[in-house]
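Student: Reconstruct the complex from the two isolated chains, following the hints.
Sequence order for the protein chains is A and B.
The first sequence lines up with residues 17 to 124 when you count with my numbering.
The second sequence lines up with residues -7 to 108 when you count with my numbering.
Hints are computed from structural coordinates only; laboratory data are not their basis.
Hints are supplied without guarantee of correctness; some may be wrong.
What the hints assert, rightly or not - Cut-off 25 angstroms, straight-line C-alpha distance, at most; resulting in silico cross-link-like pairs (BS3-like, lysine-lysine):
hint: 1; chain 1: A; residue 1: Lys111; chain 2: B; residue 2: Lys36
hint: 2; chain 1: B; residue 1: Lys7; chain 2: B; residue 2: Lys54
hint: 3; chain 1: B; residue 1: Lys75; chain 2: A; residue 2: Lys89
hint: 4; chain 1: B; residue 1: Lys7; chain 2: A; residue 2: Lys111
hint: 5; chain 1: A; residue 1: Lys25; chain 2: A; residue 2: Lys89
hint: 6; chain 1: B; residue 1: Lys3; chain 2: B; residue 2: Lys70
hint: 7; chain 1: A; residue 1: Lys73; chain 2: A; residue 2: Lys31
hint: 8; chain 1: A; residue 1: Lys111; chain 2: B; residue 2: Lys54
hint: 9; chain 1: A; residue 1: Lys111; chain 2: A; residue 2: Lys25
hint: 10; chain 1: B; residue 1: Lys36; chain 2: A; residue 2: Lys38
hint: 11; chain 1: B; residue 1: Lys7; chain 2: B; residue 2: Lys63
hint: 12; chain 1: A; residue 1: Lys25; chain 2: A; residue 2: Lys73
hint: 13; chain 1: A; residue 1: Lys73; chain 2: A; residue 2: Lys38
hint: 14; chain 1: B; residue 1: Lys36; chain 2: A; residue 2: Lys25
Stated by the list, open to error - Between beta-carbon pairs, the in silico distance windows are:
hint: 15; chain 1: B; residue 1: Arg1; chain 2: A; residue 2: Arg121; range: 19 to 29 angstroms
hint: 16; chain 1: A; residue 1: Lys31; chain 2: B; residue 2: Leu62; range: 47 to 57 angstroms
hint: 17; chain 1: A; residue 1: Gly82; chain 2: B; residue 2: Leu62; range: 40 to 50 angstroms
hint: 18; chain 1: B; residue 1: Leu108; chain 2: A; residue 2: Phe92; range: 43 to 53 angstroms
hint: 19; chain 1: A; residue 1: Thr84; chain 2: B; residue 2: Gln9; range: 39 to 49 angstroms
hint: 20; chain 1: B; residue 1: Thr106; chain 2: A; residue 2: Phe92; range: 36 to 46 angstroms
C-beta: ideal position from N, C-alpha, C; glycine also.
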Amino acid sequence: AQRVTQPEKLLSVFKGAPVELKCNYSYSGSPELFWYVQYSRQRLQLLLRHISRESIKGFTADLNKGETSFHLKKPFAQEEDSAMYYCALDEYGNKLVFGAGTILRVKS
Amino acid sequence: EAGVAQSPRYKIIEKRQSVAFWCNPISGHATLYWYQQILGQGPKLLIQFQNNGVVDDSQLPKDRFSAERLKGVDSTLKIQPAKLEDSAVYLCASSQYSGGPTGELFFGEGSRLTVL
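Just chain B, with the same shape it has in the complex (with noise of 0.2 angstroms):
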């Protein structure tokens, strides 16, 4: 099956500019996650759809932050204004979760940010 897709791979912006990232999770998985990845830390989640409603949005930070899950398929994550502290690879993940833990998570190779 193929796996998550995530574009663009790599970004290079300066501060106070926007930009968009894409994903497209695996087919017929419910849930969806976006996660911040900064150099030497684990992954931080920023949010978590379940089909298009969101589920936990608590830690992303919504004054410049907002992401989208229409028709609860593909994603779209936007920073607008970045800041230098945004540089990090964001990472996509779907799951079939429906209810009942299940604990795997499939990822996307990641788009990095490098915000100058």
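With the rest of the complex left out, here is chain A (with noise of 0.2 angstroms):
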């Protein structure tokens, strides 16, 4: 079965400091992989996509099929990006796996 890991549950860093949620998949064919958020009361949206290769809100992500990672990464952490990030996995068919999600805090 396919499967993502997000291994974090809660991941705290002070303003300014480098941030990395990390995520993990296992699928047998080529993955497409999403970042979604969800900031304190709103909806679940998307944050980005690996095949665009995109920076959104000043976050990357890579996907390295030799580790089966997509780690979400961003150089200097706003108090703004406080939220809950989930990584998700489409099996086919715009069929989401969605992980367990990680809450990222960025404190003052």
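Tutor: Here's what the structure looks like:
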């Protein structure tokens, strides 16, 4: 079965510090991977997708097929980055499998 | 554009009672999903519709859960009879998916169910 693992339930950093949210996956084919974010009192929404190789709100994520990882990174955390982050794998046909999520808390 | 609408936002019932959740997707979105999110876990797909046909319902507990999408627009998810372990947030999402991967699902605010 395809799986997405986010090993940290909570990541707490100081403002201005680098952030790395970990995501590992198991998938037999070519994976399509995404990061979704849920800010306080807001809906779950797409942050970025690996296929676009984009940077959104200063966040980037690189797909490492050798390590089966898709970690989310940001060089300098901001307080507004505090949220719940979910890594997700598209199995096929836009069917997303989500990890358990990591709470990012950015302290001032 | 208007987002995905869900109702009710909150529902408290006793075990063995029934409950229904409603979802109105973004206009023009062909694909509609129901996810179950238990506290501390990520969303788990229950059922996926493409227009008014079921694409995947492999994780839907069919002895107690049912879902329909009439006319390829609105959808209803029903639980009958409810169990304690059904306490969760039920998320509806929609996407424009029509054959190619896009990965962007648009989520509603969710319906929080508490079963006592």
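Student: Against each hint, give a clear statement of whether it holds in the structure.
Tutor: Hints and how they fare:
Of the supplied pair hints, the one linking Lys111(A) and Lys36(B) holds, its CA atoms being roughly 10 angstroms apart against a limit of 25 angstroms. This hinted pair checks out: Lys7(B) and Lys54(B) have alpha carbons roughly 17 angstroms apart, not beyond 25 angstroms. For the given pair, Lys75(B) sits about 40 angstroms from Lys89(A) by alpha-carbon distance, which is inconsistent with the 25 angstroms threshold. Among the hinted pairs, Lys7(B) with Lys111(A) is inconsistent with the structure: their alpha-carbon atoms are about 30 angstroms apart, more than 25 angstroms.
Of the pairs offered as hints, the one joining Lys25(A) and Lys89(A) holds, with about 16 angstroms between alpha carbons and a cut-off of 25 angstroms not exceeded. Using a Cα cut-off of 25 angstroms, the hinted pair Lys3(B) and Lys70(B) holds, with the two alpha carbons roughly 13 angstroms apart. Distance check on the hinted pair: Lys73(A) and Lys31(A) sit about 15 angstroms apart at the alpha-carbon level, within 25 angstroms; holds. Of the pairs offered as hints, the one joining Lys111(A) and Lys54(B) holds, with about 19 angstroms between alpha carbons and a cut-off of 25 angstroms not exceeded.
Note on Lys111(A) and Lys25(A): the hinted pairing holds, with a Cα-Cα distance of about 24 angstroms set against a maximum of 25 angstroms. This hinted pair checks out: Lys36(B) and Lys38(A) have alpha carbons roughly 20 angstroms apart, not beyond 25 angstroms. The straight-line distance between the Cα atoms of Lys7(B) and Lys63(B) is roughly 31 angstroms, outside the 25 angstroms bound, and the hint therefore fails. Pair hint Lys25(A) plus Lys73(A) holds up; C-alpha atoms about 22 angstroms apart against a cutoff of 25 angstroms.
Between the alpha carbons of Lys73(A) and Lys38(A) the distance comes to roughly 18 angstroms, so the proposed pair stays at or under 25 angstroms and holds. The hinted pair formed by Lys36(B) and Lys25(A) meets the criterion: a straight-line CA distance of about 17 angstroms does not exceed 25 angstroms. Under the hint 19 to 29 angstroms, the C-beta atoms of Arg1(B) and Arg121(A), about 26 angstroms apart, fit the expected range. The beta-carbon spacing between Lys31(A) and Leu62(B), approximately 49 angstroms, falls within the hinted interval of 47 to 57 angstroms.
A C-beta distance of roughly 47 angstroms is found between Gly82(A) and Leu62(B), which places it inside the suggested range of 40 to 50 angstroms. With their beta carbons about 46 angstroms apart, Leu108(B) and Phe92(A) fall inside the hinted range of 43 to 53 angstroms. Take Thr84(A) and Gln9(B): their Cβ atoms lie about 43 angstroms apart, and the range 39 to 49 angstroms holds. One distance hint, 36 to 46 angstroms for the beta-carbon pair Thr106(B) and Phe92(A), holds here, with the actual separation near 40 angstroms.
Against the hints set out earlier in the document, violations occur for numbers 3, 4, 11.
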